[in-house]
Amino acid sequence: MPLVDSGPDNDIVSFNFSEETFIATTLPFSDVKYRSYRFNLVELNESLSVIYNYDMTPDFHIWVLGEVGIKESWTNLFVVGPYNCSIVSPVTVGNKNRVFFREEDSYDIGWIDLSTQKVQEIGVNGELVCSHMVIFKENFLPFPRNE
Amino acid sequence: MFRTNFLISKHDDETRLLVKEQSGFPIHQSLSILSGERFENRFNLEWPLPLKQDHNANPFALPIFILGSATVNGTLCLCQGLTTVLWNPATAEFKILPPSFQPAENIDFNFPSHGFGYDRVTDNYKVIRKVWYPSVFEGCDWVYLPDKDDPFWERDVHGLDKNDGFWEENELVVKLYQPFWEIYSLKSDSWRKLHGFDDMPVPYPGITPTVNLNGFCHWLTQDLIMI
Chain A
53 MPLVDSGPDN
63 DIVSFNFSEE
73 TFIATTLPFS
83 DVKYRSYRFN
93 LVELNESLSV
103 IYNYDMTPDF
113 HIWVLGEVGI
123 KESWTNLFVV
133 GPYNCSIVSP
143 VTVGNKNRVF
153 FREEDSYDIG
163 WIDLSTQKVQ
173 EIGVNGELVC
183 SHMVIFKENF
193 LPFPRNE
Chain B
2 MFRTNFLISK
12 HDDETRLLVK
22 EQSGFPIHQS
32 LSILSGERFE
42 NRFNLEWPLP
52 LKQDHNANPF
62 ALPIFILGSA
72 TVNGTLCLCQ
82 GLTTVLWNPA
92 TAEFKILPPS
102 FQPAENIDFN
112 FPSHGFGYDR
122 VTDNYKVIRK
132 VWYPSVFEGC
142 DWVYLPDKDD
152 PFWERDVHGL
162 DKNDGFWEEN
172 ELVVKLYQPF
182 WEIYSLKSDS
192 WRKLHGFDDM
202 PVPYPGITPT
212 VNLNGFCHWL
222 TQDLIMI
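Protein chains in written order, with our numbering: chain A, 53 to 199; chain B, 2 to 228.
By construction, these hints were calculated from the structure, which means they are not laboratory data. All figures in this text were calculated on a predicted structure; none of them were measured in a lab. The beta-carbon is built from N, C-alpha and C at its ideal position, and this holds for glycine as well. Mixed in with the good hints, there may be bad ones.
Claimed, not checked - Calculated cross-link-like contacts (lysine to aspartate or glutamate; reagent style DMTMM-like; alpha-carbon spacing at most 25 angstroms):
1) K96/B x E190/A
2) K189/A x E15/B
3) K53/B x E190/A
4) K189/A x E38/B
5) K188/B x E72/A
6) K170/A x E199/A
7) K189/A x D199/B
8) K53/B x E94/B
9) K131/B x D157/A
10) K148/A x E183/B
11) K189/A x E22/B
12) K131/B x E71/A
13) K148/A x E94/B
14) K189/A x D200/B
15) K148/A x E22/B
16) K188/B x E199/A
17) K148/A x E190/A
18) K188/B x E190/A
19) K194/B x E71/A
20) K96/B x E71/A
21) K189/A x E47/B
22) K123/A x E47/B
23) K96/B x E72/A
24) K189/A x E41/B
25) K170/A x D199/B
26) K188/B x E71/A
27) K123/A x D199/B
28) K170/A x E94/B
29) K194/B x E173/A
Claimed, not checked - Examples of chain B residues lying across from chain A (beta carbon under 7 angstroms, computed):
30) N42
31) F44
32) N59
33) F61
34) A62
35) G75
36) I97
37) G118
38) K127
39) I129
40) W133
Excised from the complex, chain A in its bound form (with noise of 0.2 angstroms):
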């Protein structure tokens, strides 16, 4: 899935449900748009991340934004891997140095810890578009109401 950047400084479009605004951000990188790679934006450690992996190797390429909107307030964090398992791509769920993927021919879900770099396998098949992954946290409120 290679990408290329047709359009202008809205690379990633946040939505601010308090201010009911817009805000685009341009992507970190120019130059890799042309090249061949996997690519998602993912929640890490509540930060917004952008990761992805080169010409279809095993390993990731990890930016973190530090503040919406703002080009210059990417920071390159890492790369990491390259691990053992087929072809990846990163899917939206990060968690606690928590980055799960998909694995290219099986679709099989796993994660990577980037703490200790274990690379781990659950049992959900993530057939691409049929599945779909959110982190859950039980909360027992009622919803909110007019007062």
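Please build the complex by placing chain B on the supplied structure of chain A, with the hints as guidance.
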């Protein structure tokens, strides 16, 4: 250094995943919660009442989409066809969203909602989506017919439409509007138009779900073209 500081030293092992799996045709879709250090414990969930999967009644159910990357205060936003439902699995409370804010009545929009989030300032759940006419409506104007008890029908209409200006003069032509964004608020239980953002692009469909985080939702846009 940034890397060391960025990574947190310990997991809280209470992270749980909610997974939707879909298989076969007609499709079967299930929902489970995975927990444990390696997500080895699986607990199956029933879909909320408005989206119940009754294969006898309707063998060709539409796929259900979960909006976003995480629950928002324990709440999920689910879309199936044109139905959008807010749902808290822990309390089983749910809310079916009303139909879109529509400049012209009786036209269904063919796109599901795009983003779901929490407004902490007013303690409110909100959903956004971009609406436009289905593509079959594009490229022409549509004539609006008044209700059957409208005085219009008492007029002699024979031959009137030979006058080119007739439909416009009587304000019976519905102009197709440009696509726009609208927002739903749970507390007002209604949609309204978001002004000034008509050009903001929608998420790239299917491949990159939105990320919800800290009162925002974020997405990659369609301006990134996959080739």
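> Is K131/B close enough to D157/A, meaning Cα to Cα at most 25 angstroms?
Replying inline: Status violated; Cα separation ~34 angstroms.
> Quick one, are K96/B and E190/A close enough, alpha carbons at most 25 angstroms?
Replying inline: This hinted pair holds, its Cα atoms lying about 18 angstroms apart.
> K189/A and E41/B: Cα distance at most 25 angstroms?
Replying inline: Given pair K189/A, E41/B holds - Cα atoms ~17 angstroms apart, limit 25 angstroms.
> Does the CB of W133/B sit less than 7 angstroms away from some CB of chain A?
Replying inline: 17 angstroms, violated
> Does E22/B lie within 25 angstroms of K148/A when you go C-alpha to C-alpha?
Replying inline: Status holds; Cα separation ~24 angstroms.
> Taken at face value, is the distance from the CA of E94/B to the CA of K170/A at most 25 angstroms?
Replying inline: 38 angstroms, violated
>> Does the closest beta carbon of chain A sit nearer than 7 angstroms to the beta carbon of N59/B?
In response: 19 angstroms, violated
>> For K96/B and E71/A, compute the direct alpha-carbon distance and say whether it is at most 25 angstroms.
In response: 23 angstroms, holds
> Quick one, are K170/A and E199/A close enough, alpha carbons at most 25 angstroms?
Replying inline: It is violated: about 49 angstroms lies between the C-alpha atoms, which goes past 25 angstroms.
> Is the straight-line distance between the alpha-carbon of K189/A and that of E47/B 25 angstroms or less?
Replying inline: 17 angstroms, holds
> If you draw a straight line from the CA of K188/B to the CA of E71/A, is it 25 angstroms or shorter?
Replying inline: Holds, at roughly 16 angstroms.
> Can the restraint linking K189/A and E15/B be considered satisfied, given a maximum Cα separation of 25 angstroms?
Replying inline: 9 angstroms, holds
Checked against the numbered hints above, the structure breaks hints 6, 7, 9, 10, 13, 14, 22, 25, 28, 29, 30, 31, 32, 33, 34, 36, 40 and satisfies the rest.
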